[in-house]
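Got chain G; can you put chains R, X and A on it based on the hints?
Chains as they are written, first to last, in full-length UniProt numbering: chain G, 1 to 396; chain R, 1 to 396; chain X, 1 to 396; chain A, 1 to 396.
Hints are not guaranteed to be accurate.
Straight line, CA to CA, 27 Å or less: simulated DSSO-like cross-link-like pairs of lysine-lysine [to be verified]:
1) R:Lys258 <-> R:Lys21
2) A:Lys365 <-> X:Lys21
3) G:Lys258 <-> A:Lys365
4) G:Lys365 <-> G:Lys338
FYI, nobody ran anything at the bench for these hints, they're computed from the structure.
Protein chains: 4
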Amino acid sequence: MSMQNPVFIPGPTNIPEALRKACDMPTIDHRSPLFGEILHPARAAVRRILKSDSAEIFIFPSTGTGGWETAISNTLSPGDKVLVARNGMFSHKWIDMCQRHGLDLTIVDVPWGEGLPADRFEEILTADSGHEIKVVLATHNETATGVKSDIAAVRAAIDAAGHPAMLFVDGVSSIGSMDFRFDEWGVDVAVTGSQKGFMLPAGLAIVGFSERAMAATPTAKLHRTFFDIRDMEKGYAASAYPYTPAVGLMNGLNEACKMLEAEGLENVFARHHLMAEGVRAAVRAWGLELCAGRPELYSDTVSAIRTPEGFNASDIVSHAMHGYGVAFGTGLGEVAGKVFRIGHLGSLTPTMALSGIATAEMCMKDLGIELDLGSGVAAAQDVYRSGKKTTVKEAA
Amino acid sequence: MSMQNPVFIPGPTNIPEALRKACDMPTIDHRSPLFGEILHPARAAVRRILKSDSAEIFIFPSTGTGGWETAISNTLSPGDKVLVARNGMFSHKWIDMCQRHGLDLTIVDVPWGEGLPADRFEEILTADSGHEIKVVLATHNETATGVKSDIAAVRAAIDAAGHPAMLFVDGVSSIGSMDFRFDEWGVDVAVTGSQKGFMLPAGLAIVGFSERAMAATPTAKLHRTFFDIRDMEKGYAASAYPYTPAVGLMNGLNEACKMLEAEGLENVFARHHLMAEGVRAAVRAWGLELCAGRPELYSDTVSAIRTPEGFNASDIVSHAMHGYGVAFGTGLGEVAGKVFRIGHLGSLTPTMALSGIATAEMCMKDLGIELDLGSGVAAAQDVYRSGKKTTVKEAA
Amino acid sequence: MSMQNPVFIPGPTNIPEALRKACDMPTIDHRSPLFGEILHPARAAVRRILKSDSAEIFIFPSTGTGGWETAISNTLSPGDKVLVARNGMFSHKWIDMCQRHGLDLTIVDVPWGEGLPADRFEEILTADSGHEIKVVLATHNETATGVKSDIAAVRAAIDAAGHPAMLFVDGVSSIGSMDFRFDEWGVDVAVTGSQKGFMLPAGLAIVGFSERAMAATPTAKLHRTFFDIRDMEKGYAASAYPYTPAVGLMNGLNEACKMLEAEGLENVFARHHLMAEGVRAAVRAWGLELCAGRPELYSDTVSAIRTPEGFNASDIVSHAMHGYGVAFGTGLGEVAGKVFRIGHLGSLTPTMALSGIATAEMCMKDLGIELDLGSGVAAAQDVYRSGKKTTVKEAA
Amino acid sequence: MSMQNPVFIPGPTNIPEALRKACDMPTIDHRSPLFGEILHPARAAVRRILKSDSAEIFIFPSTGTGGWETAISNTLSPGDKVLVARNGMFSHKWIDMCQRHGLDLTIVDVPWGEGLPADRFEEILTADSGHEIKVVLATHNETATGVKSDIAAVRAAIDAAGHPAMLFVDGVSSIGSMDFRFDEWGVDVAVTGSQKGFMLPAGLAIVGFSERAMAATPTAKLHRTFFDIRDMEKGYAASAYPYTPAVGLMNGLNEACKMLEAEGLENVFARHHLMAEGVRAAVRAWGLELCAGRPELYSDTVSAIRTPEGFNASDIVSHAMHGYGVAFGTGLGEVAGKVFRIGHLGSLTPTMALSGIATAEMCMKDLGIELDLGSGVAAAQDVYRSGKKTTVKEAA
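Okay, chain G solo, but in the shape it has when bound (with noise of 0.2 Å):
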């Protein structure tokens, strides 16, 4: 792997230059002013990009899966029912954590392909007329898949069933990609990390509490010290920390919150979309599908890429790396050996993505899959010259 190529997995992404300086602090003491400097407005802007006017921001020296257990430790206790579906790895890791913490799960299994179900999440919740389903997880972008999910559509179905249920969201590969409304889709827990839409090395689990998720907090009996948001609350009132905090990096949350708000947020989900089109263009070039099923669920953010019958597609990462020093996604889980996925989140521009469109096809004509080179660079060019009509500012 070269140094220089941009990687496309889906996060941690490229880091734009300003985010790595911004990060690369000599030390300061955390116990200082100087702390609080960096981490009320770190919070804010956090709260900002979530379109939330009052959710509490949470930042762990940890990653999104410190995240996810933040969410359901702080809000829950052993035995508690709790709502989720199955599209994804990812999915199906925060549903084997819940497992281990000893949560009372009914699990939806949908193919790895779809999105959430939100009718047979309203169906159930109707049905759950004493109210004992406590939460429903919803992972709103599948990074295994390629696949975002409807949470509009999830909070319609508990509104429609008249359930109590607070909704918790994985927003980890979207946040900050994607459009995400934590007070309009009513959230209770949001969780992400730096890696992804932050653009910033991998190190912070971020995570957003609504008024009613921040409530369920002292009777939740679930284990957590690491992860009690009650030390945080605690600490940040002075500025503080209830441990040592991962300056640099919070720094850089900043310096990405502020690089994100100069383009504006609808620009960045613009950008995004324009660099998810012409990776879609190039795949249909190639006269290969997604794993996602249909539009409304790409993702906007990584596209895994189904590779034809009886072609192991972990080759294709594997000989990209090894042969052109370029790092894509791997399948994971149920779709492993089956797609690869080209992440094209975060810091990218049309130049870059075409340096990876342009890769795999040399990977997949290196590997014997049928395809014309150039043909996907080409379709992926249709978009992004006329995408360049549209304001793509550049992160510096």
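Okay, now just chains R, X and A, sitting in the frame of chain G:
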């Protein structure tokens, strides 16, 4: 605070150039073989620095606090008996974490400023004829009081009692700076972080598990998912990680170990001792006393300095920050307001140490403490002058 | 322009991570022995890269232009006769500099796009029976036209004429990227800069002097002080410098040479050839022509591409910058508006090169040049696919 | 030498974080409009820092020595008469350069440690009734002796003599650190570099030309090409450069000017004075003397300290480097072995300055000079304690 002045907090430390550069990495694919080239050497090097032949090393994107949680949640079950002494803020915090996990603690309270009471441990363990105590928790270096305890003596106490309890050691502010002997002392779990002896930014919990501790894992019933070492183990075997690793920090950890080993661990320890001796000479010259009660308790990584009765020691820390842009450590918990702390761990030179001592002098003088300007500096200079005859190889 | 897209100007090149870090140094005392540890290895490494056993290497805080001035002002006197051909902007500029220095030039004008006329040189030198011509100036690689000349042939011409003239070679855009043989070709002065084959920021003039060139120095009467190699020589002997050196860049130069030698010079040249072949295949696929008239003139570091009659080639460069944030080279001098240039020197991968080719395609299409999107990319992919069978070791 | 200790050479200075990051730039196309966005603000900011409304600012990839050459070669012709005093190594070197250029110098030798003899200048200029003297060269701050001269007095001398000579000032170690008034003092050419008051790495010659100096350019007959300001002028008008600019350093220069102006020039000067007063107090406490003869000559950027008879001052510098990893300045020329120098310019805090003073004390004591350890530190602390009441805004 000036970004150019050294910091004198007891961690995070001043970060050497080479380590800042090692951490500041472009994104690589953490699912590619490149990651193994960082992961495996880092684990092996940490093992050597622990002076162990066989400890299993786990590295979490977290902090030392997460390391504590890793230690107990992977080895113990609710209600398990734990023996521990409280002699400062960090032992207090670990105790608090154990209590939140529902462990059954026998706490020996000793005055802050004292070391671990090996003799009391021996009595208690001897009395525990049913061998119900599963673990003895020991804080090697109490960062809050600048007290180093004798872990070998704790081990001897356990052995003298003929007790099978495991020994878990918080080495957060000792490992990499002061002598630590995992194998020789029969340590079962050692805990540290990236931001102390390893001279890196905060963001990694680093733990070592003995065979016995590993063997305790399958039956341990405390909840854990993010901190479950079994997931790590499985991941490591495939040169992977159960979630997204903090690759840059791990690359930095590798480099940090190279620096420590290039200097020679014993030289590193000698250098820390020399730096500390200079600070202690200054304290004596000022007519002040250390929180640590006796020379054998003196920490080589941090000195907690008692200020005169009626004086708020925290004013020194605050004045140093605002008046001179220099960070010292404040007193915590029972000794809040009574001590201020000079951290002297990690990459420090006599020249840097003298600048901290000189600044502390100015602050104390400014705030009305009687002392002769230059007196502490002169005493430290005397130490450093003789010290320079030894090999003080400096971090690049 | 995006800071994340590669640049495709013929220097300064894309700077590899490792070199950016090597240049970004804290201040050291340039009068201390530390400086010698940077200076001497850098000079020795440059000598090896020139393929010379004995050239004296001088490194000035300047640029290639300063290197030209160093070459002539240290060896010639006002009125001295110089033989030179003009076949592009850079040979033109060196001629201009000689004229300003009061030298007496015999200029052979050849069409831009042609190489150096070794046969004409031989005639002129043969006719110069009095051996009044002191120096033949030769531009190894005309960066403006993408034309590589045959320096061995120029040397052969001088020898065939039995002429004692010295041979000065501008290797600014060849050294470190294309084969250069100081000793074998009987070069007397070679000139380059830091920002081309060495992949560093601009800021160093790097020159090599043969014994004969050194011997010409004492009697040379052209004014020089900043560029006087005698001061440098004296300085170097004491591991010092006549003024303040650009230490970080020199540290970077050292590191750059290490990278080139670790890859192996012949591999570096082969890689450059491969990258260039891909670009040239794209040009053919577009139905366009190179400025360079014949394959043996093709430069492996930069391609100057003729655009159709009536089209302003500079519009491509401007559109690429504003529309896609990508930098290509504009036409200079006689070929301004007639060519645009793709630089493909330094640290470049097939993936990066393809991104430039794809972007150039979009620009040309946007501006109304007829071509098939993807056609150039496909042609280059074909080259890079076969190319990858050879060792393409990439810069870290 | 430790990369972590501050340097105490009189330039290059310690480089603030923000400036290291500003210099460490990815490659941009220096022929694109992006370059103008760096070039023009940098020139405008330097003009303001010179306190000039109209000086033409030229920035060369070179050093202060190149700035000297720029000054004379663009304004003078062989045989032109120049008046200059020699009072240290740097005035000596400029004289040497003039002599090599064939200028006709009237040299007033004054003892090293003295300032420029304005009265002698007045006599000589008055006697030059034919106004043959074209230029008076003045070194504002003799870096070798730590002597600041009164440029206003030199201007007054020229005026008193009713003489039309131009005034060229070497402000290399004063501009950006000590008050410099281009317009008010009637300076015609001011010369500096990037590595002193601008706190950057070496690599830029920065010069300002008055209208008169500009007017002298067309008729000046000294050879120049690399340093020809006419090429620069033409380039700047097109937001370009006659050759490849050192873009990163120029970006750093921009940022440096922002830092200086954010702090406020008068605050910068006051801070330098404070730092210097602390060092001078230490010198007095050690019972030593400055090379500078009288307080009005004391430089605020560097102190040259005379060591006792029979003692080789350079041993201090060498011992500091090898024993403590700290860089001081050695004595140069006539005062070699008689003085050592402490540079205190650029981004320096009291804490940093005290570390240098403390280290110097240890070195002198180690080498047998009689002094009380801590005595110089105490004297400096007294200065810095009072000083902190003034605004000492520190460079980030």
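Here is how each hint holds up against the structure:
A threshold of 27 Å between alpha carbons decides the hint, and for R:Lys258 with R:Lys21 the separation of about 14 Å falls inside it, so the pair holds. Of the supplied pair hints, the one linking A:Lys365 and X:Lys21 is violated, its CA atoms being roughly 38 Å apart against a limit of 27 Å. Taking the CA atoms of G:Lys258 and A:Lys365, the gap is about 53 Å. The hint is violated against a cut of 27 Å. For the suggested pair G:Lys365 and G:Lys338, the alpha carbons sit about 17 Å apart, so the restraint of at most 27 Å is met.
When each numbered hint is compared with the structure, violations occur for hints 2, 3.
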